[in-house]
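Can you make the complete structure from the sequences, with help from the hints?
Here the protein sequences come in this chain order: A and B.
Residues 0 to 193 in numbering that gives the first Met the number 0 are what the first sequence spells out, letter by letter.
Residues 0 to 239 in numbering that gives the first Met the number 0 are what the second sequence spells out, letter by letter.
Simulated from the structure, these hints should not be mistaken for laboratory data.
Remember, it's a predicted structure, so these values are computed and weren't measured experimentally.
Errors might be hidden in some of the hints.
[What the hints assert, rightly or not] Footprint (simulated), chain A over chain B, 3 or more residues, beta carbon under 8 Å:
(1) 6-15
(2) 43-50
(3) 53-59
(4) 65-78
By construction, the Cβ of each residue, glycine as well, lies at the ideal position given by its N, Cα and C atoms.
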Amino acid sequence: MNRNNIDINSEDTVIIESFRRGNEKAFNYIVLKYQKKIYWFIRKMVIDHDEADDLTQEVFIKLYDSIDSFRGDSKFFTYIYKMAMNHSLNHLKKRHIILNKKGDFSKEAYNLKSDEKNSDEIYDSYNKTKNLEEAILTLPDQQRAVFNLRYYENLTYEEISNILNKSIGGLKANYFHAIKKIEEHLKKKRIFNE
Amino acid sequence: MDKNSSKLSYHIPDYINGNINDKEIISAIENEININPEFKKIYENFRNTFNFIHSANVSEPPDHYFNTILPRINSRIHTRSNLGFSLISFLRNIRSHWKYLIPALPVILILLIYRISFYKITNIADSSENFSNKNTENGVIMNKDMNDNSHVNESEDIVQRDNDQLNSEINTFNTLKSKKVKNNEQNKFYNIEENIIENSEETDFFSKDEEELNNLENEFLDLNEESQIEILNNLKNEKL
Numbered sequence: 000m001n002r003n004n005i006d007i008n009s010e011d012t013v014i015i016e017s018f019r020r021g022n023e024k025a026f027n028y029i030v031l032k033y034q035k036k037i038y039w040f041i042r043k044m045v046i047d048h049d050e051a052d053d054l055t056q057e058v059f060i061k062l063y064d065s066i067d068s069f070r071g072d073s074k075f076f077t078y079i080y081k082m083a084m085n086h087s088l089n090h091l092k093k094r095h096i097i098l099n100k101k102g103d104f105s106k107e108a109y110n111l112k113s114d115e116k117n118s119d120e121i122y123d124s125y126n127k128t129k130n131l132e133e134a135i136l137t138l139p140d141q142q143r144a145v146f147n148l149r150y151y152e153n154l155t156y157e158e159i160s161n162i163l164n165k166s167i168g169g170l171k172a173n174y175f176h177a178i179k180k181i182e183e184h185l186k187k188k189r190i191f192n193e
Numbered sequence: 000m001d002k003n004s005s006k007l008s009y010h011i012p013d014y015i016n017g018n019i020n021d022k023e024i025i026s027a028i029e030n031e032i033n034i035n036p037e038f039k040k041i042y043e044n045f046r047n048t049f050n051f052i053h054s055a056n057v058s059e060p061p062d063h064y065f066n067t068i069l070p071r072i073n074s075r076i077h078t079r080s081n082l083g084f085s086l087i088s089f090l091r092n093i094r095s096h097w098k099y100l101i102p103a104l105p106v107i108l109i110l111l112i113y114r115i116s117f118y119k120i121t122n123i124a125d126s127s128e129n130f131s132n133k134n135t136e137n138g139v140i141m142n143k144d145m146n147d148n149s150h151v152n153e154s155e156d157i158v159q160r161d162n163d164q165l166n167s168e169i170n171t172f173n174t175l176k177s178k179k180v181k182n183n184e185q186n187k188f189y190n191i192e193e194n195i196i197e198n199s200e201e202t203d204f205f206s207k208d209e210e211e212l213n214n215l216e217n218e219f220l221d222l223n224e225e226s227q228i229e230i231l232n233n234l235k236n237e238k239l
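Encoded structure:
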């Protein structure tokens, strides 16, 4: 654990204690601090923006209700990531998300702000994102969580282990197989050759 | 691919992304890439895959989206609170005390059961003692060596007797009450009668008429028979 992590953790502890004492502004501070991380983590899990938006809010409301159960044994961000991951996995189990059902794949949903790009570039970018999101959706829940936490969130295996309660060796294997599955999906879509 | 190569292949994703600090693992991977074609193929495929992932932009949420999350969360919390979710805050408040409440719960239950049973036993014992005292006063000699069962039976008898006594007292009370009601009614009657008498005394008019009638009757009786018949005929004719 480096000095920066210690500072972040102690800062979180002070904010949480303040919230426990009834300071509602402390909760606002927690939301503002973690909203992007939690949104993007959930978004990579469920892919759809609207679902990610709803789940992000629910995670923070859940945090609001259960802040007392955080005892400070682990880092606060591990605690909140764990909460977000469990919430996302529960949601995925309930929903059984179907591929290609996502309205978010429409061209309007992303990257149209880059007006300087020509239509081919936009279409190419759109196709890449669509294929990647489809590939991520093919991953089993556990592998998807490990891939998101390791690749996008850049967490260490120790931190992921604390969140998922899995061994580091198992997590490395999960990460490897997640990349392998994405690769297979891309080959199937003829994105690149065998 | 042998077991060591297979185990080493799990480090390929981190090797491609520069996330391995251990120099021994790095050199082992590089060596394996050079000598093992199967391992090399995995490495190249993974490198292509990561190149693709790097190049694919994830669709961004709408502009200013992150400015709207906090107000909406607060709004939902506020709305929920207004809808009567104070139970959550109640549970939240007592959550920290659960660790004391749960172990204490069996103890509380045991004490409660003990208290109830003790109360019953005390009552029976008191009744038994009262019965003993009463009987002693009446000259009945109690056998002090009675066993517990006989105590219980006697206590039940006492309870039965007490109940009978209570019932008889209730009956007596009801009788007295009904008598009192009857007396009250009778008193009322007497009062009315007295009032009537008082009223009659107050009204001389009726008493005076009565005297006059008596005098007239006496005068009538003093008359001879012919005069009486004549008067009666006159009265008949006058239809009085």
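Item to complete: May I ask which of the numbered hints given earlier this structure violates, with the numbers listed in increasing order?
Response: Hints that this structure does not satisfy do not exist here, as all of them hold.
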